[in-house]
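Protein chains: 2
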Amino acid sequence: MKKLINDPQDVVAESVEGFGLAHADLVTVHLDPTFVVRAGGRVPGKVGLVSGGGSGHEPLHAGFVGVGMLDAAVPGAVFTSPTPDQIAPAIAAVDAGAGVLTIVKNYTGDVLNFETAAELADADGTTVRQVLVNDDVAVEDSLYTAGRRGVAGTVAVEKIAGAAAERGDDLDAVAAVAQRVVDNVRTMGLALTACTVPHVGRPSFDLADDEIEIGIGIHGEPGRHRVGLEPADVLTEKLLTPVADDLGLARGDRVLLLVNGMGGTPTSELYVVYRRARALLSERGVEVTRSLVGNYVTSLEMQGASVTVLRLDDELTALWDAPVRTAALRW
Amino acid sequence: MKKLINDPQDVVAESVEGFGLAHADLVTVHLDPTFVVRAGGRVPGKVGLVSGGGSGHEPLHAGFVGVGMLDAAVPGAVFTSPTPDQIAPAIAAVDAGAGVLTIVKNYTGDVLNFETAAELADADGTTVRQVLVNDDVAVEDSLYTAGRRGVAGTVAVEKIAGAAAERGDDLDAVAAVAQRVVDNVRTMGLALTACTVPHVGRPSFDLADDEIEIGIGIHGEPGRHRVGLEPADVLTEKLLTPVADDLGLARGDRVLLLVNGMGGTPTSELYVVYRRARALLSERGVEVTRSLVGNYVTSLEMQGASVTVLRLDDELTALWDAPVRTAALRW
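Line by line, the protein sequences give chains P and A.
For the first sequence, this note's numbering begins at 1 and goes up steadily by one.
For the second sequence, this note's numbering begins at 332 and goes up steadily by one.
If you are wondering where the hints come from, they were derived from the structure by calculation, not from laboratory data.
Treat the hints loosely; a few may be bogus.
Stated by the list, open to error - Short, incomplete list of chain P residues facing chain A, as computed with Cβ under 8 Å:
#1 Pro8
#2 Ser15
#3 Val111
#4 Leu192
#5 Thr196
#6 Gly264
#7 Tyr271
#8 Val273
#9 Ser291
#10 Leu300
#11 Glu301
#12 Arg330
We put the beta carbon where it would ideally sit given N, CA and C, even for glycine.
Construct the entire structure; sequences and hints are all you get.
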């Protein structure tokens, strides 16, 4: 195992500490238990937004803490849910009197631990609502999930809910708009290579030199099927078609197109995928009005990409466009 | 070779085309010859800034075209200099009457082709000045270079020169501040894995499972020496120490610290490196007042990282902080 780490047990703590040092203008890091909050403390009267999950998907979630997006992120061990004892203090730290919305990717451990933390917070007088992200169309149920997995669509949920909270929407309204994003966003990904969890020390799965896994999960969970080495245009169609079909995209729809790298793929290849996905949407009469291309929800050093489509309306577009100031997303 | 591409001969054109579609608000793409210019056309009276070089280092350079940074980027084939016939029209496209500064990484092919292009432009009445970036302290002379190579420090040169041009500095002043960045920036990198140029189809070099190359170039050129698998803290010291020594950093200096990923390294690992580099600078009494962590000057899917230090003063800090609006750098 070749990695730029020290003791595998320390990688999350050391990485988060470095993150806090590099972005002290944006975030404050708490180390025991580990969570990251927006710099400057609570914003009185604003709904607090908390997300989190296993580490290894950076910049998700800590990279999205800041003005216009998350108030706190709670990183677990690599590919492992954070504990309720970590999540509850993060919720408390961002409760500014208007309640807290937790944004949880649909994995059994995350759902359970965020719910337990919400009960703890509730007992302390904080109103907590939760939205579950389950945008991955590849599989129903999987290794770590009852129902669909939450993957790259999470970025859109966090950005848009963050903008709603920032403009002063109340908890019900922020939860409603977050749910509306969930209802309108779909993703599917593929992997060219596996990834290695530091404390495991060997690749999460085997993929032959001439195999590509279609429908991969962000922890290397099995997808739909394996194919041989095919051109990017063919592979992109295998991602975009199920996404567009599941969303029921219709001629005249306007969408956000997110091409997400899994961590080890060159940026240039992501734009090759973007080019084809956009052409396929155009053939369906769907207009791409907003775009995002880059590494946003990764799987360590995995090579691969996912395609996410979010159906937009005027409000979602305005919330997407609203100012954001985080380590990984800023405009 | 596993890549998300179609025909290897088309990867640059298709990627640049996708880039232009995704960022039409920021850039306009010319496809024959290929170059990328800032959207909205020439800014009358502003010095034009042009950079370029072989592709495969994305987001460099096209990702830095936009307000407050480059006016044009000229991508060659992967790891191959763009031709004078490509560069000259890019220079002409951004000449707004105040002359053009070209920012060239110090590789023999790039230097030659940018100089030829400057002569062509000069014959057409455009005043062109050039600044050479040679921040890599790893080696004097190398496979493609007489003198030091230009690597991740290029980002700082482009950002700061871009800010100077944007505020209305004349050509001499923009060239002078660019040169001042070059004089105060140093970099050294390492590789955990090689990378594969699409039209070659096999890795650029061999690196055993238990070897790390210290002082690697961004094309996989040999560095100083190979070491075994060592902790990130030890490896980081092997990068930071020669950088700091070469810069002659002194107690009380203020610096920008850039930890750059080579394309295939997880973000979390870059922050582990950042944490250690920062501690080492602190031990020397050097204050990190600005930071950048991420994939900015890459080598396709290579796993590895580089450490860049730029000695700051008030003016360089203000120019670094000035607004920038590009695909890869925005604040």
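### Query
Which numbered hints does this structure break?
1, 3, 5
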